[in-house]
Amino acid sequence: MKSLLLAGFALLALCQGAMAQAPGVVRQERGNLVTENVPETPAGIRDRIQQYLNTRAASFSSWSPDGRSILISTRFGETNQIHRVDAPMGARRQLTFFPEPTGGGYRPGQGRTILFAKDKGGDENFQLYLMDEATGGYTRFTDGTSRNTSAVYSLDGERLAWSRSTKDSPRYQIFTADGGAPKEPALVYEDEGAWAPRSFSPDKSKLLISRGVSVNESYLWVLDLQTRQKTQVNPSSKQISYDGAEFSRDGRSILTVSDEDSDFARLVRIDLASNTKTILSGDLKWDVEAFSQSRDGRLIAYSFNEAGASKVRIISAATGASVPAPDLPLGVISGLGFSPDGTKLALSLSAASTTGDVWVWDLSARKLIRWTESETGGIQSSQFITPSLISYPTFDQIDGKQRMIQAYMYKPQGAGPHPVLLYPHGGPESQTRPSFSGFFQFLAKEMGIAVIAPNVRGSTGYGRAFVNLDNGKLREDSVKDMGALIDWVATQRDLDAKRVGVYGGSYGGYMAYAVMITYADRVVAGISAVGISNFVTFLENTSGYRRDLRRVEYGDERDADMRAFQEKISPLTNAARITKPMFIIQGANDPRVPLSEAAQMLKAIRANGADAWYMMAKDEGHGFAKKVNRDAQNEAIAAFLAAKLVGKPVN
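Just so it is clear: in the sequence shown, position 323 is 342 by this note's numbering, and no numbers are missing.
None of these hints come from the bench; they were simulated from the model. Treat each hint with caution, since some may be false.
Keeping only pairs whose Cα atoms sit at most 30 Å apart, straight-line, the calculated DSSO-like set for lysine-lysine is [what the hints assert, rightly or not]:
{"hint": "1", "residue 1": "Lys420", "residue 2": "Lys304"}
{"hint": "2", "residue 1": "Lys137", "residue 2": "Lys186"}
{"hint": "3", "residue 1": "Lys330", "residue 2": "Lys363"}
{"hint": "4", "residue 1": "Lys517", "residue 2": "Lys599"}
{"hint": "5", "residue 1": "Lys330", "residue 2": "Lys464"}
{"hint": "6", "residue 1": "Lys499", "residue 2": "Lys517"}
{"hint": "7", "residue 1": "Lys330", "residue 2": "Lys304"}
{"hint": "8", "residue 1": "Lys622", "residue 2": "Lys637"}
{"hint": "9", "residue 1": "Lys249", "residue 2": "Lys186"}
{"hint": "10", "residue 1": "Lys386", "residue 2": "Lys492"}
{"hint": "11", "residue 1": "Lys137", "residue 2": "Lys202"}
{"hint": "12", "residue 1": "Lys186", "residue 2": "Lys492"}
{"hint": "13", "residue 1": "Lys517", "residue 2": "Lys464"}
{"hint": "14", "residue 1": "Lys330", "residue 2": "Lys296"}
{"hint": "15", "residue 1": "Lys202", "residue 2": "Lys186"}
{"hint": "16", "residue 1": "Lys257", "residue 2": "Lys492"}
{"hint": "17", "residue 1": "Lys186", "residue 2": "Lys599"}
{"hint": "18", "residue 1": "Lys622", "residue 2": "Lys646"}
Just the calculated beta-carbon pair ranges, DEER-fashion [claimed, not checked]:
{"hint": "19", "residue 1": "Ser188", "residue 2": "Asn627", "range": "36 to 42 Å"}
{"hint": "20", "residue 1": "Gln70", "residue 2": "Ser353", "range": "23 to 29 Å"}
{"hint": "21", "residue 1": "Ile388", "residue 2": "Gly316", "range": "21 to 27 Å"}
{"hint": "22", "residue 1": "Lys257", "residue 2": "Ser293", "range": "17 to 23 Å"}
{"hint": "23", "residue 1": "Lys492", "residue 2": "Gln399", "range": "45 to 51 Å"}
{"hint": "24", "residue 1": "Asp269", "residue 2": "Glu495", "range": "47 to 53 Å"}
{"hint": "25", "residue 1": "Lys202", "residue 2": "Gly339", "range": "39 to 45 Å"}
{"hint": "26", "residue 1": "Asp506", "residue 2": "Lys223", "range": "54 to 60 Å"}
{"hint": "27", "residue 1": "Phe116", "residue 2": "Arg46", "range": "31 to 37 Å"}
{"hint": "28", "residue 1": "Arg46", "residue 2": "Gln129", "range": "48 to 54 Å"}
What you are looking at is a predicted structure, and each value in this text was computed from that prediction instead of being measured. By construction, the Cβ of each residue, glycine as well, lies at the ideal position given by its N, Cα and C atoms.
I would like the entire structure built from these sequences, with the hints used as guidance.
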């Protein structure tokens, strides 16, 4: 293996030498991929990385109405598709076969009808379809051009609701229709803002709807479907965030995740008649992530985020008493769902040594049963590196003590000192968590790179106050957290402070640019995927349905003072300070961070004479979803890091 990587590195050096002698930009088009100044990936790297790129994951989508089967999302070709599994560890039967990622679930209580959604080329203009599982036939019931999301069925599957928006408008529309034949939908609500249906009342006369303003502010209303009048749930002058709201099974209350009067999100029941609120998740000092009600309303399961790792609890809806729940390994849970009879709880779990699989907790037997076992590229799961949770001091204080920032680190074996790749996450209202990353495993195990993924200020999972620490004109404080991490690296004897690189996507792509600018003398290479390069042009050109949401986070570019600040701190304004190698990656159809953000930054960096690689996929959007493109991206990043970060033959 070492000889292969050594030979690969030598080949890369030859390719770079040849490229340096060629004038201008070396541009290549292969299929839907366009590259500029990206050499062929050395054979040693390309061959060895394949095992890590050919891991597979499965996630839970829904139970069948009879409770005997589950639908999962997994990939056997280029993209994730819907599969059915009929028994624990049973064969995965593929049900959809599209070139684009496809996801969905069964219509509840109504035979084997599947509702699914897909877009085109990553444009996020999702269309909704109904499929008859018996025949495989499917019908699109949305208009083919708008963005359709937040589809929700009534408990019996008789009614369906969803929201619709368009690229150029801040207005959202909510429709309802017959659950089995939604060809004549009724427009029941329309307004500016991120409106979405959440839950039908048990008698289907009302619809719980929400409006999201930011990660810290949202509102709930009950919409009477006959009169079209709405009544606000829990009217308050306080700024409150709600998530995952549903009617209780008796229709008398709302279950939701709320941060009212708390720094953390809690599971709460709100009585609709009295507005009495009951906290169901106790005195947790961590965010509740998601919840699920059993069909009969007896049980509630919820997951919470403890320093990035998921835990799950099950309680009696009537008394709040705890019910035995599974003890899970360090990882991240998603997709909680009770079986129709309420005797089982399905969940998806991704852990450091598990690519992502579906498990079912049998409440009667108190046994956790594995339903899928996804492939790990032939690598024994015990060989994967478990990331360690670290904390490092940053530049400011809280309560008279140095503020600490948490990060997950994938550290290679051996004494080092190891080159370091910093990985700030996107969002910024997001969090790096200990879920599986085949690419991080490759970098650490095969290339000897220590990958450190920090949760800088503005990340979720650490309370409302922490999320707000980077808003508006506090933007560069999150960049200072990255500088503090570089300081911490310099104190670690097994890490090489002279070989530090940075890689991020979306907002993390902005962070990569910012680190390359602010700490130009302390980093040697940067990678920005679908990254923001100018906050003003980003806000002006991002899709209309999400513009106001982003203004809350980044500031309103229509305000002259804020616009001047955004221009001042934007990477494009400071591109002349990027003198080290940079790799820019972009999807042509990105509705969030448009292609123009990458194009203008690439032009500015090259105008400085700096070394810039570029990769663009014509059939992708905000990140690469198709395997052929994602593999090409990861191979090229590995080659870039071998040449620009590691800087010597990889051991």
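Verification of the hints:
Annotation: proposed proximity of Lys420 to Lys304 holds, straight-line Cα distance about 19 Å (limit 30 Å). At roughly 16 Å between alpha-carbon atoms, Lys137 and Lys186 fall within 30 Å of each other, so this suggested pair holds. Of the supplied pair hints, the one linking Lys330 and Lys363 holds, its CA atoms being roughly 17 Å apart against a limit of 30 Å. Restraint check: the Cα-Cα separation between Lys517 and Lys599 comes to about 13 Å, which is no more than 30 Å; the hinted pair holds.
With a C-alpha separation of about 28 Å, the suggested pair Lys330 and Lys464 falls inside the 30 Å cut-off, and the hint holds. Pair hint Lys499 plus Lys517 holds up; C-alpha atoms about 19 Å apart against a cutoff of 30 Å. The hinted pair formed by Lys330 and Lys304 meets the criterion: a straight-line CA distance of about 13 Å does not exceed 30 Å. A threshold of 30 Å between alpha carbons decides the hint, and for Lys622 with Lys637 the separation of about 19 Å falls inside it, so the pair holds.
Restraint check for Lys249 and Lys186: satisfied, since their Cα atoms lie roughly 26 Å apart, inside the 30 Å limit. About 50 Å separates the Cα atoms of Lys386 and Lys492, which puts this hinted pair outside 30 Å; it is violated. The hinted pair formed by Lys137 and Lys202 meets the criterion: a straight-line CA distance of about 18 Å does not exceed 30 Å. Among the hinted pairs, Lys186 with Lys492 is consistent with the structure: their alpha-carbon atoms are about 28 Å apart, no more than 30 Å.
Distance hint between Lys517 and Lys464 is fulfilled; the C-alpha atoms sit about 20 Å from each other, no more than 30 Å. Between the alpha carbons of Lys330 and Lys296 the distance comes to roughly 24 Å, so the proposed pair stays at or under 30 Å and holds. Restraint check for Lys202 and Lys186: the C-alpha separation of about 23 Å stays at or below 30 Å, so the hint holds. As the CA atoms of Lys257 and Lys492 are separated by approximately 23 Å, the hinted pair is consistent with the 30 Å bound.
For the proposed pair Lys186 and Lys599, the alpha carbon gap of about 36 Å is over 30 Å, so the pair is violated. Simply put, Lys622 and Lys646 have alpha-carbon atoms about 28 Å apart, close enough for the 30 Å limit, and the pair holds. Distance hint check: the CB atoms of Ser188 and Asn627 are about 38 Å apart, consistent with the given range 36 to 42 Å. For the pair Gln70 and Ser353, the supplied restraint of 23 to 29 Å holds, since their beta-carbon distance comes to about 25 Å.
Ile388 and Gly316 have their C-beta atoms about 24 Å apart, which keeps the hinted 21 to 27 Å range intact. In this structure the hint that Lys257 and Ser293 lie 17 to 23 Å apart at CB holds, the actual value being about 18 Å. At roughly 50 Å, the beta carbons of Lys492 and Gln399 sit within the given window of 45 to 51 Å. Separation of Asp269 from Glu495 is about 50 Å and conforms to the stated range, judged on CB atoms against 47 to 53 Å.
Judged by the Cβ atoms, the range 39 to 45 Å given for Lys202 and Gly339 holds: they are separated by roughly 44 Å. Checked against the hint of 54 to 60 Å, the C-beta distance between Asp506 and Lys223 comes to roughly 58 Å, which is consistent with it. One distance hint, 31 to 37 Å for the beta-carbon pair Phe116 and Arg46, holds here, with the actual separation near 34 Å. Checked against the given bound of 48 to 54 Å, the beta carbons of Arg46 and Gln129, roughly 53 Å apart, stay inside it.
In the structure shown, a violation is registered for the earlier hints numbered 10, 17, in ascending order.
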